[in-house]
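J.: Chains as they are written, first to last, in my numbering: chain A, 1 to 662; chain B, 1001 to 1493.
Hints listed in this document are in silico derivations from the structure and should not be mistaken for laboratory results. Just so you know, not all the hints are guaranteed correct.
Unchecked claim - Under the rule of at most 30 Å between Cα atoms (straight-line distance), these lysine-lysine pairs were calculated in the DSSO-like manner:
no., chain 1, residue 1, chain 2, residue 2
1, A, K560, A, K405
2, B, K1359, A, K29
3, A, K168, A, K25
4, A, K560, A, K576
5, B, K1359, A, K25
6, B, K1442, A, K168
7, A, K168, B, K1433
8, A, K25, B, K1442
9, B, K1433, B, K1146
10, A, K583, A, K168
11, A, K168, A, K118
12, A, K29, A, K118
13, A, K118, A, K25
14, A, K168, B, K1359
15, B, K1442, A, K118
16, A, K168, A, K29
17, B, K1433, A, K583
18, A, K25, B, K1433
19, A, K583, A, K560
20, B, K1433, A, K118
21, B, K1359, A, K118
22, B, K1359, B, K1442
23, B, K1359, B, K1433
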Amino acid sequence: MFSYTIFIMLLPLLSFIVLGLAGMKMQHKVAGLIGTCSLGMVTILSYITAFQYFFGLDRVNGVYQTFVPYNFTWLPLGNLHFDLGILLDPISVMMLIVISTVSLMVHIYSFGYMHGEKGFQRYYAFLSLFTMSMLGLVLATNIFQMYMFWELVGVSSYLLIGFYYPLKPAIAASKKAFIVTRFADMFFLVGILTFGYFVDSFSFNFAGDIVMGQGTTPFIEGNLAKAVAAGGFIIPTALVLMFIGGAGKSAMFPLHIWLPDAMEGPTPVSALIHAATMVVAGVFQIARMFPLWIEYAPQAMSIVVWVGVITAFYAAAVACAQSDIKRVLAFSTISQIAFMMVALGVSLPGHHGAILDNHAQLGYMASMFHLFTHAMFKACLFLGAGCIIHAVHSNEMALMGGLRKYMPITHITFLISCLAIAGIPFFSGFSSKDEIITACMEYSPVVGWIMTGIAAMTAFYMFRLYYGIFWGTENKEAHAHHTPHEAPLTMTIPLIVLTVITVGVGVYTTIAGFAEWGGSFGSFVSAAGTDYTIHFNMQIAATSTVIAILSICLATYIYKGEQQPIADRLYATFPKLHRAAYKRFYQDEIWQYVTHRIIFRLVSTPIAWFDRHVVDGTFNFLAWGANEAGESIRSWQSGDVRQYAVWFITGSVALTLILLCI
Amino acid sequence: MLVGLWLAKNVNQVRGVMVTGASCLLALSVWLTIYFIQERAAGNTAEMLLTYSTPWFKPLNIAYSVGVDGISVVMLLLSSIIVFTGTFASWQLKPLTKEYFLWFTLLSTGVYGFFISTDLFTMFMFYEVALIPMYLLIGVWGSGRKEYSAMKLTLMLMGGSALLILGLLGIYYFNGIYSGNYTFELTTIAANHCIPGHIQNIFFPFIFIGFGVLGALFPFHTWSPDGHASAPTAVSMLHAGVLMKLGGYGCFRVAMYLLPEAAQDLSWIFLILTTISVVYGALSACVQTDLKYINAYSSVSHCGLVLFALLMMSQTAVTGAVLQMLSHGLMTALFFALIGMIYGRTHTRDIRELAGLMKIMPFLAVGYVIAGLANLGLPGFSGFIAEMTIFVGSFGAHPLSGDPNTSFRMVATIIACMSIVVTAVYILRVVGKILYGEVENKHFLELTDATWDERVAVICLIFCVAGLGSFPFWVSDMISPAAGTILESIGVM
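Okay, chain A solo, but in the shape it has when bound (with noise of 0.2 Å):
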C-alpha cells in the first residue's frame, strides 16, 4: 500500500542531479520539459495518493490512519537514530496536494515568464530541488528529517533568491534570507536536541498508532512521562524553541525581515517558495507537534497566538503604503500566514480531559484549511504580478495603471483572487478566514476583533493594490515605446487553472458551510482525523462580510479615480505614519544596526584583533625572548680561551664554597 509513495521524492530528486550535472549542455526546451514532465508525474502520483488516502479506505472509529510506508535508519545516533521515510496522514497528504499543485503550475509558468534567460536550466534544476526538498519536508516521519529538510528548502531558497546572481540586491537579499532563517534554525535545533534528549525519540509517532508495514508501534507516552517527570517546562521549552524555528521560516515578526527582501528572485519562485509553500512550514510543524501543543503545553500557546497578532497587524500595517506590488503581496503574505498561526494557537482543549472537542477541532483546521486556500490565491496573485512584471518591465505601481484594457486574463484572475484574499462569500479565502475568525471569538473576543479588523485592512491594502494596477490612470510615458500586452499561453493557463481552483472550492465549501454538508474541507482535515463538519456562525460570517465589503468600497472610493485627492491628503497629512510604513517601521534598519554595529564591529573585529595581537602577540613575544635570551648567552661562547678559565675557575670555586658550606 502506498509504495509508490517514494516516486514523489525520487523522481524530482532525480531531475536535480540530471539537471545539475548535464543541464548546461541541455537546450532550454529540454530541460524545462524533464523538470516539468517529472514534476507532472509527482503530481499524478500525489492526487493519486490523496485519492486512495481519503476515498479509498476505511476509517478506523471515524479517524483516518497514518501509515508509513517507508523508514530506515540513516544515520544512527547511539540510543537515538536519525530516519528517513515518509509518512502519510491528512495534513502530509494535503500538503502533498498543495505542493505539487502549485508547483506544477510555477513549472508551466516559468516557460513562458523565464523564456531565453541565462540559466534557464539551473533554474529549473533548483526548483526541482525545492520541490523534492518541500516534499521530504511534509513526508518526514520524524522531527529530524524536517530539520534536514527544513534546511534543505532553505537553500534552495537561497539559490533561487540569488538567481540573478550579478544584481547586488539579489545577492544581499539571498544572504539575508538565509542566514536569518539559519540563526532562527539554531533554536530550531536546540529544540530537536531538548525533545530527542528527553523524549528518547525523534518520531513523530505521538500522534497515534502507526502502521509500519504489518506490526504497529505503540504510543510513546512512555518516553514523554520521562520528559514530563525531568520538569514539566521541558517539552513546553522544546516547542517554543522549535516555534522560533518556524516563526523565522514562516516570517513571523520580527524575524519576517528577510521575506520582503526576497523578493528580489524570480517572480515564479515567489510564488512556489515564498507565498505558498516554504513559507508555511513554520505553520505545518506546529501542526504536526499540535498533540504535544494541545497536551503539554498549552499555556506556551498563548506566546503563537500574541505572536501571530502582531506579525498580522504589522504585515497589514505595511502593506497599505509600499508601492511595489511584489512587496504589497510579501506582506500580505505575511499577514496571512500570521492568521494561520493565531487560528493553530487559538485552538485550546476545551476542559481538561476532553482534549479534541469541537472548539479545538476548530482552529487547527481553519488553519490547514487557509494554508490550502492561501497557497492557491496567493500563487495565483503572484503569478499574476509575474505577468503585469513581464508587460511592463517594473514591479512600481506608478508605472502601472489602466492595464485592464490591455491583459483582460490577469485581469479577472487577479480581481477573483483579490475578492478570495478579501473574504466575500464563494470564494475560497472566505470559508476558511471565517473559521479562523470564530474561532479566535471562541478564544477571546478581543483577538477575535483584532483578527476581524485586520481582515478588513486585508481587503483594502488589496483592493488598493488592484486599483493601482489595472484602474487609475495610465502612464502614457511609460507606455510610449511599447505596449502591455497580455502574457501568452504558457504563463496564463496557470492562472485560470488556480483561479478554478478558488472559485471552485470558494463555491462549495460556502454553501456546504451553511447548509451544514458534509463533505467539506473538515472532512478531511482536522485535529482528531474525524469528520468535521463546518458550519458558519451566522452571525460573524455576516459581520466579517459587511466589513469586507465596506473596506473594498473605501478603496474603490480612494484609489478607483484617476485623480486621488484623498489618497494624496491622507499623505500630506499623516506623512511620517505614511513613511514610517513604508519603511516597515525601521525593521531592517534596527537589525541592520545589530549585526553590522554590534556583531561585526562590536564582537568580530574585536576578537580577530585580540587573535592577531594578544595571543599571537604573547607566542611571538616568547619567541622574540627566546631570541634575545640565545642572543645574550651567545657572547658566552665566544671561543676566548681565558675566558672560558676564568669562568671555570670561578665556578668550581663557587661550587666547592657551597659544597664547604653545606
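Knowing the structure of chain A, use the given hints to seat chain B on it.
T.: Leaving out everything else, chain B in the frame of chain A:
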C-alpha cells in the same frame, strides 16, 4: 605496511610516479576499508586488526607495532584521498618539483605511520616525521611571509612535541613503576590501567595540549592562520585536511585512552577552551579579508568541534568527532584546493579585489559554492551528519566527575550550536563577494577555467563529501564500535 614502497624512485617522471603511488595508496586504503568491514561483519571483534609487532629498540621495549581499528581505518582512507587529490592540485608546481614531492611524500609517510602505530614511541616518531617536512615545504615553496610562517608553525608545533614527549615519558615511567612492565605499547598500558589519578592529572594536560596545538586548541592555534596562508596549495590541503586530525586522534588515542581518570576530572577545563575555539574561530573568520585566513579560522572552529566532541566522552559524540575529522578533512582540502586554483589565476586572495568569478571560471565557482554549502552543514554533505552526530551526542553526554554542574555539557553544546549561524555568515559573505556580482577587474576576464588535473582533484573531493553526506551509515558503523570499545575501557560507558 602501506608505506615506503615508492619513496626512492622519484627521478624524471616525478608526476607519473606520484600519481601511480598515490593511486596505489588510495587503492590500498579502499581495500583495507573493505577488508576491515568484511572482518567485522565476519564477527572478528578484536580491538585492533592486522596487528604486527617487531621490537626495534630492546632496552626500552620500543617496538614497531601497528594495527588498525575503525577509527584509524577511516583516517587512513581520508589521508589517501587527500594525498591523491593533493597530487593533482599541485600538478603545475614549478621550481624543484622533484624535491617538493619528495618532502610531500615524507610528510604523508609520517601521517600514515602515525595512524597505524600502536606503540607510543613509534607514534611520536612518525609524528615528528610528519612535522619536519612542513617547515621546508612552507619555507621553500610557500608565498607571502613564508619564512616567518614556517618558523612560527614549526616552533609552535615543536613546543607541543616537547610537552608531548614529557607526557609520554611520564606515562611510560609511571606505568612501568606501578605495573613492573616498562612498555610503550598502547593497548598494554591501557589494559594495565594502573597509573594513579593524581599522577594522571599531571600528565594529561601535557599530552592534551601537546596534541591540542596541532588540533588548533585555543589559545595555541595562532600558527594556523599564518601557516595556511603561506603554505602551497597541496600542503595546505594535507595540513588542514590530515595533519590537524593527528591532534584530535592523538588526544583521543593517547591522552584520553591512557589517562582515563584525568580525562574525566579535567575534561571540563578543556571543554571550555574548545567551546571558545568553536565560537571564537567562527567569529574571527567573519571579518577576515584573505581567503586563506578565513579558512584557517574556519578550521580552528571546526577542529575545535572535534576536540569538543571527543571531550564529551559519549559514544555518539566521539563517533561524531571522527566523522567531523573526516568531513572537515575533505571539505577543507576542497576549499584550499579551490583557493589555490583561484589564487594561481588572479594572484590575489583578498576578497575585496575579487568579484564576479562565477562568470569567468564557472567550474571553480560552482565548486566553491558547493564547498561553502558543505562547510556550513547543508544536509546531503558530510558536514551536516558530522555536526548533527556531535550535537546529539554532546547534548546527551553524561556529566562526569569533574564537571562544575550537571547541565554543564548541555550548556556547552548550546553555545557550540551558535557556530552554525556564524559559519553561514562568513561563508555566504565570501560567496556573495567573490563569486557573484559583476566582474570588477577587467584583467580577470582573460582568465581561464579549471584545467583537467584540477577538475580531477575537485570532482574527486566533491564526490567524497557528497558520498559521505548521503550514505553516512557505513562509516558511522565502522567508527562507532571502535569508539565504544575505547570509551568502555575508559570506564565512562
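J.: It remains to establish, for every hint, whether it holds in the given structure.
T.: Comparing the hints with the structure gives:
Between A/K560 and A/K405, the direct Cα distance comes to roughly 15 Å. Compliance with the 30 Å bound is thereby established for this hinted pair. As the CA atoms of B/K1359 and A/K29 are separated by approximately 23 Å, the hinted pair is consistent with the 30 Å bound. The hinted pair formed by A/K168 and A/K25 meets the criterion: a straight-line CA distance of about 27 Å does not exceed 30 Å. Among the hinted pairs, A/K560 with A/K576 is consistent with the structure: their alpha-carbon atoms are about 24 Å apart, no more than 30 Å.
Restraint check for B/K1359 and A/K25: the C-alpha separation of about 16 Å stays at or below 30 Å, so the hint holds. At roughly 18 Å between alpha-carbon atoms, B/K1442 and A/K168 fall within 30 Å of each other, so this suggested pair holds. As the CA atoms of A/K168 and B/K1433 are separated by approximately 10 Å, the hinted pair is consistent with the 30 Å bound. Restraint check: the Cα-Cα separation between A/K25 and B/K1442 comes to about 27 Å, which is no more than 30 Å; the hinted pair holds.
Our distance criterion of 30 Å between C-alpha atoms is met by B/K1433 and B/K1146, whose separation comes to about 27 Å. Of the supplied pair hints, the one linking A/K583 and A/K168 holds, its CA atoms being roughly 20 Å apart against a limit of 30 Å. Straight-line distance between C-alpha atoms of A/K168 and A/K118 comes to about 17 Å, which keeps the hinted pair within the 30 Å bound. Distance restraint check for A/K29 and A/K118: the Cα-Cα separation of roughly 13 Å lies within the 30 Å cut-off, and the hinted pair is therefore satisfied.
Between A/K118 and A/K25, the direct Cα distance comes to roughly 13 Å. Compliance with the 30 Å bound is thereby established for this hinted pair. Between A/K168 and B/K1359 the CA atoms are separated by roughly 15 Å; this keeps the pair inside 30 Å, and the hint holds. Straight-line distance between C-alpha atoms of B/K1442 and A/K118 comes to about 22 Å, which keeps the hinted pair within the 30 Å bound. At most 30 Å may separate the alpha-carbon atoms for a hinted pair to count; A/K168 and A/K29 meet this at roughly 29 Å.
Of the supplied pair hints, the one linking B/K1433 and A/K583 holds, its CA atoms being roughly 27 Å apart against a limit of 30 Å. Of the supplied pair hints, the one linking A/K25 and B/K1433 holds, its CA atoms being roughly 27 Å apart against a limit of 30 Å. The straight-line distance between the Cα atoms of A/K583 and A/K560 is roughly 25 Å, inside the 30 Å bound, and the hint therefore holds. Distance check on the hinted pair: B/K1433 and A/K118 sit about 21 Å apart at the alpha-carbon level, within 30 Å; holds.
Proposed proximity of B/K1359 and A/K118 is supported: the alpha carbons are some 12 Å apart, at most 30 Å. Pair hint B/K1359 plus B/K1442 holds up; C-alpha atoms about 12 Å apart against a cutoff of 30 Å. A distance of roughly 13 Å separates the Cα atoms of B/K1359 and B/K1433; the hinted pair therefore holds under the 30 Å criterion.
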